[in-house]
Amino acid sequence: MLQKKICMLGSFAVGKTSLVARFVRSIYSEKYHTTVGVKIDKKQVPVEDKLVNLILWDLYGEDEFQKVHMSYLRGASGYLLVIDGTRRETLDKALVLQQRTEEAVGKLPFVVVMNKVDLKDSWEIDDRTIEELVNKGWQVFHGSAKTGLGVEDAFTALARQLV
Amino acid sequence: MNDPSVHRVADEVSVQSHSLNGAEIETPPASAQLRELQKLLFDTDQQERLEQLHTEWNDPEHLAPRVSQVLPDAISQRSPEDHELTEAMTPYVIESIKISARRNPEHISDAIFPILGPAIRKAIAQAFNNLTITINQTLQHSFSVRGFKWRLEAMASGKSFAEVVLYHSLVYRVEQVLLIHRPSGILLLHAVAEAVKAQDPELVSGMLTAIQDFIQDSFGTGEGNTSSFVSDELTILAEPGPRAVLACVVRGNPPPELREEMQETIERIHQDRGEKLKMFEGDSTPFEVCRPLLEEHLKSRYQPFADPEKQKAPKAMLAVLGVLLLALGIWGFFSLRDRWRWNAYLEKLQTTPGIVVTEQDRGWRRYSLSGLRDSLALDPAKLMPEFQLNPRQLDARWKEYQAPELAEERAKKLLAPPAGVTLKVRDGILSVAGLASQQWISEAKKLAPFIPGISQFQWNDADEIARLRQEIESQSVYYFLNENKPLPGQEETIEALIKRLIRLDEIAQNSNRTITFRIIGHTDSSGTKEKNQTLSRERAQQAKSQLASRVAQLKKVQLVAEGVPDQQPLVGNQESNRRVTFRVELGS
Numbered sequence: 765m766l767q768k769k770i771c772m773l774g775s776f777a778v779g780k781t782s783l784v785a786r787f788v789r790s791i792y793s794e795k796y797h798t799t800v801g802v803k804i805d806k807k808q809v810p811v812e813d814k815l816v817n818l819i820l821w822d823l824y825g826e827d828e829f830q831k832v833h834m835s836y837l838r839g840a841s842g843y844l845l846v847i848d849g850t851r852r853e854t855l856d857k858a859l860v861l862q863q864r865t866e867e868a869v870g871k872l873p874f875v876v877v878m879n880k881v882d883l884k885d886s887w888e889i890d891d892r893t894i895e896e897l898v899n900k901g902w903q904v905f906h907g908s909a910k911t912g913l914g915v916e917d918a919f920t921a922l923a924r925q926l927v
Numbered sequence: 002m003n004d005p006s007v008h009r010v011a012d013e014v015s016v017q018s019h020s021l022n023g024a025e026i027e028t029p030p031a032s033a034q035l036r037e038l039q040k041l042l043f044d045t046d047q048q049e050r051l052e053q054l055h056t057e058w059n060d061p062e063h064l065a066p067r068v069s070q071v072l073p074d075a076i077s078q079r080s081p082e083d084h085e086l087t088e089a090m091t092p093y094v095i096e097s098i099k100i101s102a103r104r105n106p107e108h109i110s111d112a113i114f115p116i117l118g119p120a121i122r123k124a125i126a127q128a129f130n131n132l133t134i135t136i137n138q139t140l141q142h143s144f145s146v147r148g149f150k151w152r153l154e155a156m157a158s159g160k161s162f163a164e165v166v167l168y169h170s171l172v173y174r175v176e177q178v179l180l181i182h183r184p185s186g187i188l189l190l191h192a193v194a195e196a197v198k199a200q201d202p203e204l205v206s207g208m209l210t211a212i213q214d215f216i217q218d219s220f221g222t223g224e225g226n227t228s229s230f231v232s233d234e235l236t237i238l239a240e241p242g243p244r245a246v247l248a249c250v251v252r253g254n255p256p257p258e259l260r261e262e263m264q265e266t267i268e269r270i271h272q273d274r275g276e277k278l279k280m281f282e283g284d285s286t287p288f289e290v291c292r293p294l295l296e297e298h299l300k301s302r303y304q305p306f307a308d309p310e311k312q313k314a315p316k317a318m319l320a321v322l323g324v325l326l327l328a329l330g331i332w333g334f335f336s337l338r339d340r341w342r343w344n345a346y347l348e349k350l351q352t353t354p355g356i357v358v359t360e361q362d363r364g365w366r367r368y369s370l371s372g373l374r375d376s377l378a379l380d381p382a383k384l385m386p387e388f389q390l391n392p393r394q395l396d397a398r399w400k401e402y403q404a405p406e407l408a409e410e411r412a413k414k415l416l417a418p419p420a421g422v423t424l425k426v427r428d429g430i431l432s433v434a435g436l437a438s439q440q441w442i443s444e445a446k447k448l449a450p451f452i453p454g455i456s457q458f459q460w461n462d463a464d465e466i467a468r469l470r471q472e473i474e475s476q477s478v479y480y481f482l483n484e485n486k487p488l489p490g491q492e493e494t495i496e497a498l499i500k501r502l503i504r505l506d507e508i509a510q511n512s513n514r515t516i517t518f519r520i521i522g523h524t525d526s527s528g529t530k531e532k533n534q535t536l537s538r539e540r541a542q543q544a545k546s547q548l549a550s551r552v553a554q555l556k557k558v559q560l561v562a563e564g565v566p567d568q569q570p571l572v573g574n575q576e577s578n579r580r581v582t583f584r585v586e587l588g589s
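Residue numbers (our numbering), protein chains in the order written: chain A, 765 to 927; chain B, 2 to 589.
Everything labelled a hint here was simulated from the structure, so no lab data went into it.
Be careful, since some hints might not be right.
Here are a few chain A residues that sit away from chain B, every Cβ distance over 10 angstroms (derived from the structure) [unchecked claim]: (1) S782; (2) R864; (3) I894; (4) W902; (5) K910.
Derived lysine to any residue pairs resembling SDA-like cross-links, with alpha carbons at most 25 angstroms apart [to be verified]: (6) K795/A / K198/B; (7) K807/A / R838/A; (8) K446/B / A467/B; (9) K425/B / P354/B; (10) K413/B / K446/B; (11) K198/B / Y792/A; (12) K806/A / P184/B; (13) K198/B / N817/A; (14) K414/B / V357/B; (15) K414/B / G355/B; (16) K871/A / P243/B; (17) K795/A / S228/B; (18) K871/A / G283/B; (19) K871/A / K279/B.
Just so it is clear, the structure is predicted and the values come from calculations on it, not from any experiment.
Just so it is clear, CB atoms sit at the ideal spot from N, CA and C, and this is done for glycine as well.
Go ahead and model the full structure; you've got the sequences and the hints to work with.
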């Protein structure tokens, strides 16, 4: 079976871990985030007639006190960029992270998940901003940890780019 | 040959051959070189030979026979030097065996048949040997002090005793071997020892890589250094190569040579699969061929057995254990026997009238009982010897109560019936029968309703009346011939009749009914009918007067005298028909 390393990136508390919790096989607790700075889960995604094993490196969210260990990106085949729709600054941080990732490991396939779509009324990111991202050629998905919306789609879209 | 360009060529050729050989050789004189060049360029024989060689080299048909001549020698010369040839050939040999097995399995089975039997026999013998060792070890530890300690540990931890013994005698065991793609942390191959439960190795592989990265980032250790992680029971050794890491999960203390062996393995994997590692895109199938290399590391070592000197302790321990077991057996037997006796005793108590057991307990040489007890009931302590139980060990607490089933005993005690009087209680009714004085009956009648368990008093006189009647009616008083005078010596009969007559009157009074006491005069068959009629009546009258004179006053019994001359003759002599008989008739 094909295996691919995927990283999950995003600002602190954008809800990366919660977003995928229901969809992945996990043996490690969240305490690894605050200690080692990464938690590794597994997700199988069918692409065409094959199963792809995504080894998901959920990197601890970046904030002003802690930086993402860029060495964790090494060997990744792609990444998920998670943004909290209710916090504008998480988009800015994601743009920075995306750029730093590209500098560190080169151009890799990635998808963007705009999280917390269930709280759309209190979003600070408008549709025009999202459209700008799409126009840059980015694949943007709306996701919700609460409803599970968009998660499978985002994984499948990313896996398709990898095989 | 004076063309200067020819000289230049000749020089270049000379330089080329010089550098190709790469070694210092003696340079021949220039004229000899020229001659050689001339020969090469213009000698037609040489030219033809070169062309033939060129053709043969490019034509596999010609080349193959020549290579086949040198191939066996080439292989045999290469093999002793290193394993490169073997490793290069391995995948092809494996693949050809697979193909051959797929196409016609018979070839393979025929080929391996001669070795299969001995191999199986050897494996079975080895397995039995291991089993015997394990059993010996387990038995030995079972009866040692340490064994007891481990048994306690097994009980506390919920593991089996065998597991604990193995765990303690374990020096080391390589439980898992992981081959990890270095940059991505993706698992390439995983080998796990038998009976070891491994967590999801793909996640473990990732996390192990992350931790190594973390250590490198945090403490600046150089990339490519060997590393190890140690916990109480496990050690993880990581041996990095340029593109892959070999990690061993070891329980116990890993031996130093393990590290060296791991180095060799990771080097061989890089040598053999270097290109595949370089081009790795997530497909780990090409690394499956390396599985035997990984499995070689799944070794274990256990502590040797204790020397026989130390086995004296187990014998002593065995003796102590034997005594303990014997004591336990004896105690168990007595305890069980005591329990049976106690249960039988309790069963008996449950069926004893006037005792209700509400609580019972059996401790070590002590019994306790509590409940209700009628003072008229049997003493429970006195019942104990019957069941081989010691009454002194009984601690009983009884509350007094009056049991309905003991109403009869209570009535007997309270009413003190005269001899011959029987008392019976049924459904709360006290039935009294037998000979009792009028006074006693009246008192009993008054007292009976106050006795617990008795609601009604019933005087049962039918039996007595029947008895009196039978006794009275069987008596006769005999008379002189032609006289109404009784024969002498009948005083006793008359006395008995009087007593019964008085009793009849008492019974009639108790039950408030009237009784007719008929006195019947008889005669023999001699004499006239009229005379006999008169005589019979006179005899009856005489008897009535005699009885009446002896009884103060009959209240409920009426005496009636009548004559039946010879109407009821008795078979026998005439004398026996000169008599008076009696009949009791019950009125309403």
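A quick look at each hint next to the structure:
1. S782: Holds, since 19 angstroms exceeds 10 angstroms.
2. R864: Answer for R864/A: holds, closest chain B Cβ roughly 15 angstroms.
3. I894: Consistent with the label, I894/A stays out of reach of chain B, its closest Cβ about 31 angstroms off (over 10 angstroms).
4. W902: Holds: least Cβ distance 23 angstroms, greater than 10 angstroms.
5. K910: Correct as stated: the minimum Cβ-Cβ distance to chain B is 26 angstroms, above 10 angstroms.
6. K795/A / K198/B: 23 angstroms, holds
7. K807/A / R838/A: Roughly 19 angstroms separates the two Cα atoms, so the pair holds.
8. K446/B / A467/B: At roughly 22 angstroms apart (the allowed maximum being 25 angstroms), A467/B and K446/B satisfy the hint.
9. K425/B / P354/B: Answer holds: K425/B to P354/B is near 16 angstroms, not above 25 angstroms.
10. K413/B / K446/B: 13 angstroms, holds
11. K198/B / Y792/A: 17 angstroms, holds
12. K806/A / P184/B: Since the Cα atoms of K806/A and P184/B sit roughly 18 angstroms apart, the hinted pair holds (cutoff 25 angstroms).
13. K198/B / N817/A: Roughly 22 angstroms between the alpha carbons, so the hint for K198/B and N817/A holds.
14. K414/B / V357/B: 22 angstroms, holds
15. K414/B / G355/B: 15 angstroms, holds
16. K871/A / P243/B: Between K871/A and P243/B the Cα gap is close to 23 angstroms, so the pair holds against 25 angstroms.
17. K795/A / S228/B: 23 angstroms, holds
18. K871/A / G283/B: 18 angstroms, holds
19. K871/A / K279/B: 19 angstroms, holds
Hint compliance for this structure: no hint is broken.
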